Amino acid sequence: MCGIVGLFLKDKSLEPQLGAMLSEMLVSLTDRGPDSAGIAIYGASGDGKGKVTVQSPFPDRDFPGLDAELSKQVGEPVKMTVRSTHAVLETGLAKLDAVREAVSELRPDARIMGMGDAIEIYKEVGLPEAVAERFGLAKMGGTHAIGHTRMATESAVTTMGAHPFSTGPDQCLVHNGSLSNHSNIRRELIQKGMKFETENDTEVAAAYVSSKMADGLNLGEALESTLDDLDGFFNFVVGTKNGFGVVRDPISCKPAVMAETDQYVAFGSEYRALANLPGIEGAKVWEPEPSTVYFWEH
Amino acid sequence: MKHDVVDVMDKVASKRVFDLSKTTLRELNQALHEVREGSNEVAWEVQNPKGSHAVAAGIDAPISVDVRGNVGYYCAGMNSQGTVTVHGSAGPGVAENMMSGSVIIKGDASQYAGATGRGGLLVIEGDASSRCGISMKGIDIVVGGNVGHMSAFMAQSGHLVVLGNAGDALGDSIYEAKLFVRGTVKSLGADCVAKEMRPEHIAKLQELLDRAGIKDVKPEEFTRYGSARKLYNFNIDNAAAY
Numbered sequence: 187m188c189g190i191v192g193l194f195l196k197d198k199s200l201e202p203q204l205g206a207m208l209s210e211m212l213v214s215l216t217d218r219g220p221d222s223a224g225i226a227i228y229g230a231s232g233d234g235k236g237k238v239t240v241q242s243p244f245p246d247r248d249f250p251g252l253d254a255e256l257s258k259q260v261g262e263p264v265k266m267t268v269r270s271t272h273a274v275l276e277t278g279l280a281k282l283d284a285v286r287e288a289v290s291e292l293r294p295d296a297r298i299m300g301m302g303d304a305i306e307i308y309k310e311v312g313l314p315e316a317v318a319e320r321f322g323l324a325k326m327g328g329t330h331a332i333g334h335t336r337m338a339t340e341s342a343v344t345t346m347g348a349h350p351f352s353t354g355p356d357q358c359l360v361h362n363g364s365l366s367n368h369s370n371i372r373r374e375l376i377q378k379g380m381k382f383e384t385e386n387d388t389e390v391a392a393a394y395v396s397s398k399m400a401d402g403l404n405l406g407e408a409l410e411s412t413l414d415d416l417d418g419f420f421n422f423v424v425g426t427k428n429g430f431g432v433v434r435d436p437i438s439c440k441p442a443v444m445a446e447t448d449q450y451v452a453f454g455s456e457y458r459a460l461a462n463l464p465g466i467e468g469a470k471v472w473e474p475e476p477s478t479v480y481f482w483e484h
Numbered sequence: 009m010k011h012d013v014v015d016v017m018d019k020v021a022s023k024r025v026f027d028l029s030k031t032t033l034r035e036l037n038q039a040l041h042e043v044r045e046g047s048n049e050v051a052w053e054v055q056n057p058k059g060s061h062a063v064a065a066g067i068d069a070p071i072s073v074d075v076r077g078n079v080g081y082y083c084a085g086m087n088s089q090g091t092v093t094v095h096g097s098a099g100p101g102v103a104e105n106m107m108s109g110s111v112i113i114k115g116d117a118s119q120y121a122g123a124t125g126r127g128g129l130l131v132i133e134g135d136a137s138s139r140c141g142i143s144m145k146g147i148d149i150v151v152g153g154n155v156g157h158m159s160a161f162m163a164q165s166g167h168l169v170v171l172g173n174a175g176d177a178l179g180d181s182i183y184e185a186k187l188f189v190r191g192t193v194k195s196l197g198a199d200c201v202a203k204e205m206r207p208e209h210i211a212k213l214q215e216l217l218d219r220a221g222i223k224d225v226k227p228e229e230f231t232r233y234g235s236a237r238k239l240y241n242f243n244i245d246n247a248a249a250y
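Line order of the protein sequences matches chains A and B.
Quick note, the numbering used here runs 186 ahead of the 1-based positions in the first sequence.
Quick note, the numbering used here runs 8 ahead of the 1-based positions in the second sequence.
None of the hints are false.
Subject to a maximum C-alpha distance of 27 Å in a straight line, what follows is the list of computed DSS-like cross-link-like pairs (lysine-lysine): (1) B:194 with A:470; (2) A:196 with B:58; (3) B:238 with B:203; (4) B:212 with B:194; (5) A:440 with B:114; (6) A:398 with A:427; (7) B:58 with A:470; (8) B:114 with B:23; (9) A:198 with A:470; (10) B:203 with B:145; (11) A:427 with A:265; (12) A:440 with B:145; (13) B:223 with B:212; (14) B:114 with B:145; (15) B:58 with A:325; (16) A:440 with B:58; (17) A:470 with A:427; (18) A:198 with A:235; (19) A:398 with A:440; (20) B:30 with B:58; (21) B:114 with A:470; (22) B:212 with B:226; (23) B:226 with B:194; (24) B:212 with B:145; (25) A:325 with A:427; (26) A:440 with A:470; (27) B:194 with A:440.
Derived from the structure by calculation, the hints contain no laboratory data.
Just so you know, these numbers come straight off a predicted model, no measurement behind them.
Okay, chain A solo, but in the shape it has when bound (with noise of 0.2 Å):
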């Protein structure tokens, strides 16, 4: 069991509730998945800069002069936005990949969670209130977040092995369920030279979806690949900067629920998560069908 939750905004004036909103759906959802718990979160994109959200299990030697370093190191001014365990560091996009190898060479113990011009990912171990309060979710802003709460099955209860995972820049995916047949698409994506950094299921998911849009395909088409190459129980929810989709297995064991009003498009595990979002009680409320993709751009 785990719980998923997503929103997708239409209505540019929830942006800055955006954060509280699905603190609630998530914290909802604390008893589906009380290990850990996780949140992408999609911010403003189009100013040229983009975002690298690292984490470290020592914050308070790691953090402290890193924006610093890497400015000198990169050649271009590096702001940090640490929050907890987690740090955000923001410069021109075209720093972003520099960044991103700076940090592993100065600071060999935090680890990269994803990168890209609007994405910002935060997950830890704990229940899903106390996730959510460390690092300010109900404040944040944006265009559309997804989040989860993990009861692991898979692999073992670590930050690394909570999701969203991110595979790709501005992407993100997360699930409810397992995988049967991960160790041979491994495989395969490591041949393809994929990196991959646990030995979780889902993570193979993400960087599935991601090779495929790499590949050229969109998020709709590649979201229809995974019927026909994953193995096992799925609901997945998968955010691109600019777009939110969603599939489940032709099975579809997993609980899944979505909502749309004028004003958003939302998922949740369970209705609870849904309940007490603006205008519920007018929108149109469905059961995702099986072995159907759903997604929603910008």
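Let chain A serve as the given structure and place chain B on it in line with the hints.
Just chain B now, with coordinates in the frame of chain A:
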């Protein structure tokens, strides 16, 4: 007809109202379980369920419960004698293992509605998703819309009536439950076949439609499905199907 009776009861008896934004689900279910035979607490209302699990599960008295809003997992599970009406949609496992009485869902129901039900009537006015009536053992289920894949999987007895369409693998490995589908069936499961509608089936279906309060639909518009009884005993010719 049943609904009219309930409406009259609303007026004559005081209704016990539980607002789940103010009282806990445990208090509601405890109070429902404490109703004794002959009690005059026959009408109940539940407000603000907001997707809660196991709302009004385990009723064992001839009472009527109106739930105003959407419910989560296992609403009205194990119901015996009660009439539970959800004025909204239901999550997975609604009326699971119902013994008797009736459960009416005004909206849609999620997966495995009425699973393993032994008796009573489950009416879903909207759509039911996958595995509706899985392993049903005597319950009658009437769905106003469509049912999803693998509905009536291993269904043993009782009736599943679908006014809309059925998804893939309807009635897979079915025993003696009777299925009536008015629309299309995407595919039939192993050992499930279309069968002739004899007068006794027309009469039974008419009775089920009447009990579910459905008018303007004729039993003759349905096709009956049931077991070909080829999987009952091991037969070497069927080895591929086992």
